[in-house]
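Using the sequences and the hints given, assemble the complete structure.
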Amino acid sequence: MNAFPVSAAFALSLAAYFAGAVTSLASWGKPSMARNICCGAAFAGGAMGGLAAVLGIFRGTPVHWSVRSGIPLFAYSFSYDALSGFFNLILAILTIAVSIYSLGYLEEFEGRRNIGIFGFLFHLLLLSLTIVFTAANAFLFLIGWEVMALASYGLVAFYHEQRESRQAGLLYLIMAHADVGCLLLGFALLIQGSGSAEFASFHTAAAHLSSGRQSAAFVLFFLGFGIKAGVIPFHIWLPAAHPVAPSNMSALLSGIVIKTGIYGMTRIFLDSLGGVPSWAGLAVLIVGVVSAVLGVLYALMEHDLKRLLAYHSIENIGIILMGLGAALIFRVAGHPLLAGVALIAAMFHTLNHAIFKCLLFLGAGSVLHSTGTRNMEEMGGLIRPMPVTAFCFLIGAVAISGLPPLNGFVSEWLTYQSLLAGFGATGGLTRILFPLAGSMLALTGALAAACFVKAFAITFLALPRGAEASQAHEAPRSMLVGMGSLTIACVALGLGVTWFLPVFNAMTEQLLGQRVVPNLVTGSGFVLSAGTPHGGTVSTAIIAVGLLVLALPAALLVSRATKQFGRKRGPVWDCGLPGLSEENEYTATGFSKALRMIFYVLYKPRREIQAVFDVSPYFPKEIRFESEIEPTFEKWLYAPLQEFIFRVSSRMRTIQAGSIHAYLAYIFVTLVLLLLFGVRR
Amino acid sequence: MTEVLTNSGLQLVLVLMVAPLLSGMIKTLKARLQTRRGPGILQSYRDIFKLLRKGMVIPETASWIFSATPYVVFGTATLVGLMIPMTTTHAPFSLFGGVLAVVYLLALGRFFLALGGLDTGSSFGGLGSSREMTISAIAEPAMMLAIFTVALGANSTNLSEMAKVAVGQSWRFLAPSQMLAFAALFIVLIAETGRIPVDNPATHLELTMIHEAMVLEYSGPYLALIEWGASIKQLVLMTLLVNTFFPFGLSSNWTAQTVGVGLVFYLAKLLMLACMIVLVETTNAKLRLFRVPELLMVAFILGALALISTFLF
Numbered sequence: 002m003n004a005f006p007v008s009a010a011f012a013l014s015l016a017a018y019f020a021g022a023v024t025s026l027a028s029w030g031k032p033s034m035a036r037n038i039c040c041g042a043a044f045a046g047g048a049m050g051g052l053a054a055v056l057g058i059f060r061g062t063p064v065h066w067s068v069r070s071g072i073p074l075f076a077y078s079f080s081y082d083a084l085s086g087f088f089n090l091i092l093a094i095l096t097i098a099v100s101i102y103s104l105g106y107l108e109e110f111e112g113r114r115n116i117g118i119f120g121f122l123f124h125l126l127l128l129s130l131t132i133v134f135t136a137a138n139a140f141l142f143l144i145g146w147e148v149m150a151l152a153s154y155g156l157v158a159f160y161h162e163q164r165e166s167r168q169a170g171l172l173y174l175i176m177a178h179a180d181v182g183c184l185l186l187g188f189a190l191l192i193q194g195s196g197s198a199e200f201a202s203f204h205t206a207a208a209h210l211s212s213g214r215q216s217a218a219f220v221l222f223f224l225g226f227g228i229k230a231g232v233i234p235f236h237i238w239l240p241a242a243h244p245v246a247p248s249n250m251s252a253l254l255s256g257i258v259i260k261t262g263i264y265g266m267t268r269i270f271l272d273s274l275g276g277v278p279s280w281a282g283l284a285v286l287i288v289g290v291v292s293a294v295l296g297v298l299y300a301l302m303e304h305d306l307k308r309l310l311a312y313h314s315i316e317n318i319g320i321i322l323m324g325l326g327a328a329l330i331f332r333v334a335g336h337p338l339l340a341g342v343a344l345i346a347a348m349f350h351t352l353n354h355a356i357f358k359c360l361l362f363l364g365a366g367s368v369l370h371s372t373g374t375r376n377m378e379e380m381g382g383l384i385r386p387m388p389v390t391a392f393c394f395l396i397g398a399v400a401i402s403g404l405p406p407l408n409g410f411v412s413e414w415l416t417y418q419s420l421l422a423g424f425g426a427t428g429g430l431t432r433i434l435f436p437l438a439g440s441m442l443a444l445t446g447a448l449a450a451a452c453f454v455k456a457f458a459i460t461f462l463a464l465p466r467g468a469e470a471s472q473a474h475e476a477p478r479s480m481l482v483g484m485g486s487l488t489i490a491c492v493a494l495g496l497g498v499t500w501f502l503p504v505f506n507a508m509t510e511q512l513l514g515q516r517v518v519p520n521l522v523t524g525s526g527f528v529l530s531a532g533t534p535h536g537g538t539v540s541t542a543i544i545a546v547g548l549l550v551l552a553l554p555a556a557l558l559v560s561r562a563t564k565q566f567g568r569k570r571g572p573v574w575d576c577g578l579p580g581l582s583e584e585n586e587y588t589a590t591g592f593s594k595a596l597r598m599i600f601y602v603l604y605k606p607r608r609e610i611q612a613v614f615d616v617s618p619y620f621p622k623e624i625r626f627e628s629e630i631e632p633t634f635e636k637w638l639y640a641p642l643q644e645f646i647f648r649v650s651s652r653m654r655t656i657q658a659g660s661i662h663a664y665l666a667y668i669f670v671t672l673v674l675l676l677l678f679g680v681r682r
Numbered sequence: 239m240t241e242v243l244t245n246s247g248l249q250l251v252l253v254l255m256v257a258p259l260l261s262g263m264i265k266t267l268k269a270r271l272q273t274r275r276g277p278g279i280l281q282s283y284r285d286i287f288k289l290l291r292k293g294m295v296i297p298e299t300a301s302w303i304f305s306a307t308p309y310v311v312f313g314t315a316t317l318v319g320l321m322i323p324m325t326t327t328h329a330p331f332s333l334f335g336g337v338l339a340v341v342y343l344l345a346l347g348r349f350f351l352a353l354g355g356l357d358t359g360s361s362f363g364g365l366g367s368s369r370e371m372t373i374s375a376i377a378e379p380a381m382m383l384a385i386f387t388v389a390l391g392a393n394s395t396n397l398s399e400m401a402k403v404a405v406g407q408s409w410r411f412l413a414p415s416q417m418l419a420f421a422a423l424f425i426v427l428i429a430e431t432g433r434i435p436v437d438n439p440a441t442h443l444e445l446t447m448i449h450e451a452m453v454l455e456y457s458g459p460y461l462a463l464i465e466w467g468a469s470i471k472q473l474v475l476m477t478l479l480v481n482t483f484f485p486f487g488l489s490s491n492w493t494a495q496t497v498g499v500g501l502v503f504y505l506a507k508l509l510m511l512a513c514m515i516v517l518v519e520t521t522n523a524k525l526r527l528f529r530v531p532e533l534l535m536v537a538f539i540l541g542a543l544a545l546i547s548t549f550l551f
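Keeping their order, the protein sequence lines are chains U and G. The opening position of the first sequence corresponds to residue 2 in the working numbering, with each subsequent residue numbered one higher. The opening position of the second sequence corresponds to residue 239 in the working numbering, with each subsequent residue numbered one higher.
Hints listed in this document are in silico derivations from the structure and should not be mistaken for laboratory results. There may be inaccurate statements among the hints.
Below are the DSS-like pairs computed for lysine-lysine, each with C-alpha atoms no more than 25 Å apart in a straight line [what the hints assert, rightly or not]:
| # | chain 1 | residue 1 | chain 2 | residue 2 |
| --- | --- | --- | --- | --- |
| 1 | U | K564 | G | K288 |
| 2 | G | K292 | U | K569 |
| 3 | G | K292 | U | K564 |
| 4 | G | K265 | G | K288 |
| 5 | G | K288 | U | K594 |
| 6 | U | K636 | U | K594 |
| 7 | G | K265 | G | K292 |
| 8 | G | K524 | G | K292 |
| 9 | U | K605 | U | K636 |
| 10 | U | K594 | U | K605 |
| 11 | G | K288 | U | K569 |
A few chain U residues that don't get close to chain G, going by computed Cβ distances all over 10 Å [as the list claims (entries may be wrong)]:
| # | residue |
| --- | --- |
| 12 | A76 |
| 13 | I384 |
| 14 | T563 |
| 15 | Q611 |
| 16 | F634 |
| 17 | V673 |
Derived list of chain G stretches under chain U, where covered just means 3 residues or more per stretch with a C-beta under 8 Å from a C-beta of chain U [stated by the list, open to error]:
| # | segment |
| --- | --- |
| 18 | 297-311 |
| 19 | 340-353 |
| 20 | 383-391 |
| 21 | 394-408 |
| 22 | 535-547 |
All values reported here derive from a predicted model rather than from experimental measurement. Note that CB positions come from ideal geometry on N, CA and C, so glycine has one too.
What follows is the structure, encoded as structure tokens:
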């Protein structure tokens, strides 16, 4: 197929984002126009990007564009292959949904916030993401990466009058630069080997790297991309930064920006680096397990709706890494077919998580929009004023808990299957690790279900717990359409997975030299198989139909009984004391109490109760309750690190006395040293 | 095609009819062991029939989630019943979902049941939901480890395939890995079906109840569906245990004769497992809630040992 359609659509999407950034900024003083331009351009760019992605994925062979620049090692080179296409597809889906949603969401910004600046940052983020996913030159990639970090910073700190936002933004900026530093060093190792910064040249150069350098490169890239993806223990910025951004941007940050880390790992480990050390896959797998389990355990303790969702991003990155780690292990062990299944599991979960996490953040945004609070303890009963939002959030919650027949289940199922296959495909102690990782995935899934029972029920069910919740209203129509489109995507990807899988054909062929998807589909296209002859099979479509068919006679039975014997509304059992109120309801904190006590070693919960008595200790007039868990990583890892950095910098201050002569001397000494270094080479 | 349809229809009837019978059998056996007369083995049928002929009271605070829950619980349990081999190794729906789908479909039912409990706004519902989700979360890894041990032996997560492999080596349950996996799954069975020492199905005391607290506000036909669904879930989990570890009487042919013989063996095996459960229920006191994780940790360690011993032997 001609490369022109891909190139044209791709160029148009870049142009739309660029124009969106400029015109948003230009319509600074006209909020309503800025809003329309911002959302319209994003929609157009997303649609074009999606078209380019679909064309690029099914084209089979990669498309390259390259424009030389005068600067050594740097060139404007882009490459649009199956992997780029896939991540651009995710970006396009989210962009379209978010742009529709934002049309309504940004309305409340008018007159209060600068929509021009917002639109500029939003489009800058989309532009840089597109560049990151298509750059074929290390420096172009890093420029895109850096712009992405800065645009994200602007969005995280958008509510800059709030101290919380500013602090989160600063933390984000620091971590983003730690990660770019690691990437720079990693690329330096590769560039040194190949003499060029083009990704294509790394492939051959990496094969000649000594094992020590290969390991060093792996560690640097894993650190760099891991920080961006928010894997534990580098996650601390994520639950701080994502919740404070405007909700439509939280959706993008959690949906796609952290996935750049996954993209980078896949690109470098499976494509550019050629072979990774044999322990690398194991490291990725173990980090994945730790992130998944700890991510969900921390999520359970949150009652800030958006922070809870942010912690779930860490969990899902962990699940993706389990698949990716398994793929790396299988590739090194010489099982391209299994590696393909594991890679598809990881990539499909990346897509799925992007969709349902975006959906959930948009849902949380509607709730925040309507009630003005992120604290779940003040919500409740929102399913009545906000039925559509509640339904969309419920679908997202079922999907993220990995429950059939939705998309989260399918990718987790594939992850299970590849982990189980690992037992037969590897030897030694690694064998045992696979099923153990599988059982930890089971724990993660079950805890995620518990967490989303809490998140959905405390927010949307029973009686309102606060004044804001009782006066809530449904979100504007455009917001509902944005959420609805993602809801449909969750269901469609779940039920129609076997028709979607061919998207991965080109990717596995390119990265692993094998088409895997034909092995994954059996039973005249309805049934997903694990890829082995007698392995597991599942059909989400049949499960969905089966559930409907079996519920139908039950519904008939109930409706007949109802007609004959009646059905009425009555008060809830209140133990004989009249007047059940919202104070009797279970709270989010109460719901997770049992798990807090079971995992007290991890949480080290602290609580404080102060009661004011009048006459008898049995009838307190007032109770103040305070409870918190120990932020383990912040306390034991980052606080000492921060102290160390402050100590070193205060020492360094002595050489910066403010004397211009001293500074000139420093410059001179540096110059001499550099010259000496140059001469020696 | 006709064979598939007959098989599905037959198994559907079996699932729907045997599940309440099994619950009744356990109740009666338990009563006899405690030298009581007990309600008779047909009591669960009578309960369901009675509830289906009553009016309903829906809590004022409840939303449509409350009304959708009974269908989800009943639907998932019944669907799972079609995925699991009962009288022969041919489970009608085994192609459409293996052991992972079974576990996750049951989790879907539980997810909605917990939502239904919280939907009423009553403290009891919240209490039950919180406990149910907690206990099932810590039971899950143990369950999966034990299941993986069996699945890895059969090289498949497809239940019919697993049963076929088991039939090929009927005495495999004597292997240490199988015995350990059985022990782990037995503990999980107790936890998942809400039996003593984890939960007491006969209690209505708020300090001890889990499942009963969640469904406290349900009445009439909805309650019938939930109770029926719960008994089907119990049947499914017990079937999983008896047919994967003790494949006696299972045939890989599907004819009228093998189904008949299989049914007799199947019921006998269920009866034996029911006796085990009754014995455990009668000889143990209910554990304090925060001792339950320790029990489930034991199950997890048994599962891990089972896995390691497949590696060794």
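Hint check against the structure, violated hint numbers in rising order: Per hint list: 5, 8, 13 and 14 violated.
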